[in-house]
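Visitor: Sequence:
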Amino acid sequence: MPGLFRHLYRIRRFEETVLENFPKGIFTGTTHTYLGQEANAAGVIPHLKEQDIIVSNHRCHGHFLARGGDPRQLFAELMGKATGVCGGRGGSQHLCWKNFYSNGVQGGILPFAAGMAFAEKVKKSGAVTAVFLGDGTFGEGVLYEALNMTALWHLPIIFVVENNQIAQTTPAE
4 MPGLFRHLYR IRRFEETVLE NFPKGIFTGT THTYLGQEAN AAGVIPHLKE
54 QDIIVSNHRC HGHFLARGGD PRQLFAELMG KATGVCGGRG GSQHLCWKNF
104 YSNGVQGGIL PFAAGMAFAE KVKKSGAVTA VFLGDGTFGE GVLYEALNMT
154 ALWHLPIIFV VENNQIAQTT PAE
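Each residue of the sequence shown is one higher than the one before, starting from 4 at the first, in the numbering used here.
Hints listed in this document are in silico derivations from the structure and should not be mistaken for laboratory results.
Any given hint could turn out to be false.
The list that follows gives simulated cross-link-like pairs (lysine-lysine, DSS-like), each with its CA atoms no further than 27 Å apart [unchecked claim]:
no. : residue 1 : residue 2
1   : K126      : K52
2   : K84       : K101
3   : K27       : K101
4   : K127      : K101
5   : K27       : K126
6   : K126      : K101
This one's a predicted model, so the numbers in the text were calculated from it and none came from an experiment.
Just need the whole structure built from these sequences, with the hints factored in.
Guide: Structure (structure tokens):
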């Protein structure tokens, strides 16, 4: 339990710090926080192996931190600094680090994740691909195509659907 609490707290504090500092203009681009969704990353990612692949979305900070990413490097990335995760070029939504990939295009991560899972199956690596998607992604046709192909090909993939109670700008209720 201490590990779970540590992940929950670390993610929450990171996101609160982002929200506190974003209005100051120290970050480049935009950001989408992971507040209220911390348990998803904290509950799933620690059970993955190092060889397993994580494909994340525009709310990727929590996934990155639960994977063991350095919060200082992530802050540097948000600030556009060369010491960032991707040298300051990926910003808040586009990270690439140790079998961790995120992309801000809703739905666009699904065929990518299916392709990664397909590659691991062909290589017989034993790796699993975990893809995190928001409930709003169910409005994208490519989601259903990716689900269909992964089922037909029996790919080693886990779809983690995160319901943050709002799909784009439409509240769940």
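Visitor: Could you run down the list of hints and mark each one as holding or not?
Guide: Each hint, compared with the structure:
1. K126 with K52: holds, 17 Å
2. K84 with K101: holds, 19 Å
3. K27 with K101: Violated: K27 and K101 sit about 31 Å apart, past 27 Å.
4. K127 with K101: Distance of about 19 Å is within 27 Å: holds.
5. K27 with K126: Violated - the C-alpha atoms of K126 and K27 are around 47 Å apart, more than 27 Å.
6. K126 with K101: holds, 18 Å
The structure fails hints 3, 5 (numbered hints given earlier, in ascending order).
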